[in-house]
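Relying on the hints, combine the two individually framed chains into one complex.
So the chains spell out like this:
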Amino acid sequence: MAITQFVTVRPVSINEATLPTMTNVLSNAATPKPSLRLSAHRGPAALLSRRVIDLILFKTYAELKSEAQRTYIGVLWWLIEPIIFMSIFYFLFGVLFRRGTEGFVAFLLVGLAPWHWIQATTMQCSGAIIANYPLINQVFVPKFVFPTVILLTNTVKFLVVFLILLLYLSLSGDGPSWIWLQSFVVLGTVLLMIAGCGYLAAAVTPMLPDIRIVIDNVLRALFYFSGIFFEIDSMPETVRKWMNLNPFAMAIGDLRMVLIQHETPPIWHVLVLAGFGVALAALGLTIMRRYETRYAKLPV
Amino acid sequence: MTSPSEHSSIVSLSGVGVTFARRAIRLFRPEQPFWALKDVTFEVSPGETIGIIGHNAAGKSTLLKVIAGIISPDRGSIRRADINVSLLSLQVGFLPHLTGRENALLSAMLLGLSKRDAIERMGDIIAFADIGDFIDEPLKTYSAGMRARLGFSVAYYSTAELILIDEVFGVGDENFRRKSAKAIEETIRSHRTVVLVSHNLATIQDLSNRVVWIEHGCSHSVGPPDQVIKAYRQYQIDASRTHG
Numbered sequence: 001m002a003i004t005q006f007v008t009v010r011p012v013s014i015n016e017a018t019l020p021t022m023t024n025v026l027s028n029a030a031t032p033k034p035s036l037r038l039s040a041h042r043g044p045a046a047l048l049s050r051r052v053i054d055l056i057l058f059k060t061y062a063e064l065k066s067e068a069q070r071t072y073i074g075v076l077w078w079l080i081e082p083i084i085f086m087s088i089f090y091f092l093f094g095v096l097f098r099r100g101t102e103g104f105v106a107f108l109l110v111g112l113a114p115w116h117w118i119q120a121t122t123m124q125c126s127g128a129i130i131a132n133y134p135l136i137n138q139v140f141v142p143k144f145v146f147p148t149v150i151l152l153t154n155t156v157k158f159l160v161v162f163l164i165l166l167l168y169l170s171l172s173g174d175g176p177s178w179i180w181l182q183s184f185v186v187l188g189t190v191l192l193m194i195a196g197c198g199y200l201a202a203a204v205t206p207m208l209p210d211i212r213i214v215i216d217n218v219l220r221a222l223f224y225f226s227g228i229f230f231e232i233d234s235m236p237e238t239v240r241k242w243m244n245l246n247p248f249a250m251a252i253g254d255l256r257m258v259l260i261q262h263e264t265p266p267i268w269h270v271l272v273l274a275g276f277g278v279a280l281a282a283l284g285l286t287i288m289r290r291y292e293t294r295y296a297k298l299p300v
Numbered sequence: 001m002t003s004p005s006e007h008s009s010i011v012s013l014s015g016v017g018v019t020f021a022r023r024a025i026r027l028f029r030p031e032q033p034f035w036a037l038k039d040v041t042f043e044v045s046p047g048e049t050i051g052i053i054g055h056n057a058a059g060k061s062t063l064l065k066v067i068a069g070i071i072s073p074d075r076g077s078i079r080r081a082d083i084n085v086s087l088l089s090l091q092v093g094f095l096p097h098l099t100g101r102e103n104a105l106l107s108a109m110l111l112g113l114s115k116r117d118a119i120e121r122m123g124d125i126i127a128f129a130d131i132g133d134f135i136d137e138p139l140k141t142y143s144a145g146m147r148a149r150l151g152f153s154v155a156y157y158s159t160a161e162l163i164l165i166d167e168v169f170g171v172g173d174e175n176f177r178r179k180s181a182k183a184i185e186e187t188i189r190s191h192r193t194v195v196l197v198s199h200n201l202a203t204i205q206d207l208s209n210r211v212v213w214i215e216h217g218c219s220h221s222v223g224p225p226d227q228v229i230k231a232y233r234q235y236q237i238d239a240s241r242t243h244g
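Those sequence lines, one after another, are chains P and R. The numbering used here numbers the first residue of the first sequence as 1 and each following residue consecutively. The numbering used here numbers the first residue of the second sequence as 1 and each following residue consecutively.
Same shape as in the complex, but just chain R (with noise of 0.2 Å):
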């Protein structure tokens, strides 16, 4: 297996098909198993952002969750380089009778820092997410705004070298879905290497460097973005002619 830029990828695909089985174990009669991802093939390259598109159920989260290591391939194969990968996720483990403080931290080291580190960027976290002294309180009696602020605070402050991403979101007030939104496409513009699911094109157009097209759990097509998002708009509007 080799391919010209074998060297140069962080991650490369091949071939990755995901199945979920609806009981775990089957005793009696042998199931249809049901294949979310069946041949998906590309690579990351350091610093670059790919957008990931496709319809609904296509298998775009699984495979954010295939590249984020959380589940393994069932055929196929994915190579990563040895670096940090991060599934950026809101509000992981939090409970509600921990402080704002010890939520922070417990979550930052779920998404994979270290105590160290952790407890170094909490100055950043605290400050980002704007929350002053309800910092020291439990978290039931934060607004639902202000555990969504920590929460991403807490998320984007723990991200690592190759970063996933379902969808550019902003949350909390308008106020913060403005600074949050504007926080996480200044990542993806910077140098790290990004993995981006998105539904809206613009943003993907405006982000990516390439982009794959996922169709029925397969790379349909990998390539620019102007390319592979015109190939795609072109096919929905085929589609949409042909069931009327």
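For reference, chain P alone in the conformation it holds in the complex (with noise of 0.2 Å):
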């Protein structure tokens, strides 16, 4: 048997053995002036600094020209992909179940696209910081920046398609409106929830990757559940009440209230949504504050 050196030693005593500690001062050591860094320690007002919002940004172009390089049609593709998604559900609850109601299809793809936007972002959220464990072991960084890039690269993907549909829209006889800018409103609301979403998504399921699933069928609950191809209000009374609690039914048909129907959405309804994106983000952002440092050790 080979001899090592590197052999299982007994333990020690830190107090057994230690020398004295010799500082070596070299007191007018010239350090490089301090340029503004991130790190943990610091205080939160010093996550958002200019720093991070450069980060977030350069990184959202990089990610988005990444995913763009990566096929050989590269950004058609988010044309192209949204179109066969609502395609499909378009041949399946407009042609197959329902044969065309005159305004379906309208009604069905101003469900489809803002949907597509929610849930895309929140899955992918729920891996943002898993899926960057090697980087978060190299280097400090404040792990919001993750879903953030996440939202930001889906949001401008979403709003291609959104620009398509306002075309559709247009073309088959439906506006153009001064009303339909109302939409960027409601889509604000929209957005506040998907932060809430993602953040939360991102800030919890690092610890528990059970989540994960659980995520992924209350969304498909979600889904079914969210009037995107039968109005809510086709159903019954008692079930109605319900369904009509869920914010993103509620944001989905003031969507629909505005770019189909031309009218402005109660106000409540905006407030009330935003509020309910605000106070999930505010949840998730503190999760992630708080764990911080700790997201890093966690076993993946």
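Hint data in this document are derived by calculation from the structure and do not stem from the laboratory. Certain hints may be false.
Below, simulated DSS-like cross-link-like pairs (lysine-lysine); rule was C-alpha separation at most 30 Å, straight line [said to hold, decoys possible]:
id : chain 1 : residue 1 : chain 2 : residue 2
1  : R       : LYS182    : R       : LYS230
2  : R       : LYS115    : P       : LYS65
3  : R       : LYS140    : R       : LYS179
4  : R       : LYS182    : R       : LYS140
5  : P       : LYS297    : R       : LYS115
6  : R       : LYS140    : P       : LYS65
7  : R       : LYS115    : R       : LYS182
8  : R       : LYS140    : R       : LYS115
9  : R       : LYS179    : R       : LYS115
Listed below in structure tokens is the structure:
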């Protein structure tokens, strides 16, 4: 048997052989001029510095470009993929079940487009910190950066789809209308709700990976209960009351109100939805902040 | 808690312990936690180079992560002066579809530079990496050597006031390996503050002002390189005799 130098050694008590500490201070050493740098031990204000905002924006650009470069037709997929997604549902519910009621296509598309945004972002956010596990073990990065980048990249992709949707509505005779500008307020509340779900999912999933499966199934249930391919008003009274409590159903209803009926949604809807989104986001951000330097220790 | 050098130290660790849970949330039976670090106490003064020695799995890399602020201690405390700390890491956040220049910028920003500083240093980074016109080509077209060179160059030019190094390494081909190792050594010998982990005792002896010996997650001894390394060597010999 080969003799190795590094064999198991008996445990030592630290005080047993501690040599006196000798400080070797080079007090007049020239250290480089301090620059703004992030660290976990600075206050929360330091987390949202100019540097972090620049990092988030550049990383968003990098991810978008990276995604576009990954495939042959690149950016075109941002259009084609949602169109395929929407076509499947149009074929299933518009042609097979409903045989194309008048205005059903517009109704369906206005529901599906934001849903795709909500669902994809929340799912991706739940894996955001885990996916960056090697990175967070090399450098300190505020953890909210990762879900924020996912939120922004998906929002850019959604806006492309949304513009196509507006184009479709205009061509099919539903507009354009000045009131459409209000849709950006509704989309703003949707963005806040997605941020809420995304931050919370990102914060909790690394601790309990099983949450991912729960989120996946909750999203699936929400998809069927958010009135995306049917009108909640066509449901029996007892069911309708409960379904209307679903904030996503409310937001999608508001979006249809603006884009199809050209009506202003009730202001309390906007406030409730925004409040709901901000509350969830605050909870998610607080958890991420609290566990800032613990995520890197989690087993993955 | 008063120690004579409290005012001059830029990092001071006191009884630092770090545990890694096998599961984040324990629902059923509590498990015995694994302490990667148990009790580490020492201070880093401005301008000095501290060498960290110890056996494999003694907790040296975990210790660097604690000093870097990547993970927080589960017991004991760490106090840092208001300085920038960076753990020298290569190819941080590299994405294959971006160009070398974009990757260098992203990586430098992740390593802690502001966008402006990163852009400012881009010329030096590219020159040191010696990539030439390839810098504006996607990273996926790079050879492993080119990638390593760019990764090193970014890390090297993104270092902070306190630099943490896990092994003095050279990367890339023979030529660049020598150049990069030399750059690191020069940095260590400069007035910058460095915490250096290495298995190479000669390197530690050569570069450090003081040495911390980590044994089973505890700071076994702290002192001048000669003394600590001598004690460490003796300990190894004794241990191999005992275990035959």
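Hints and how they fare:
no., hint, verdict
1, LYS182(R) to LYS230(R), "holds, 26 Å"
2, LYS115(R) to LYS65(P), "holds, 18 Å"
3, LYS140(R) to LYS179(R), "holds, 24 Å"
4, LYS182(R) to LYS140(R), "holds, 28 Å"
5, LYS297(P) to LYS115(R), "holds, 29 Å"
6, LYS140(R) to LYS65(P), "holds, 14 Å"
7, LYS115(R) to LYS182(R), "holds, 28 Å"
8, LYS140(R) to LYS115(R), "holds, 24 Å"
9, LYS179(R) to LYS115(R), "holds, 27 Å"
Every hint, counting from the list given before, is met by this structure.
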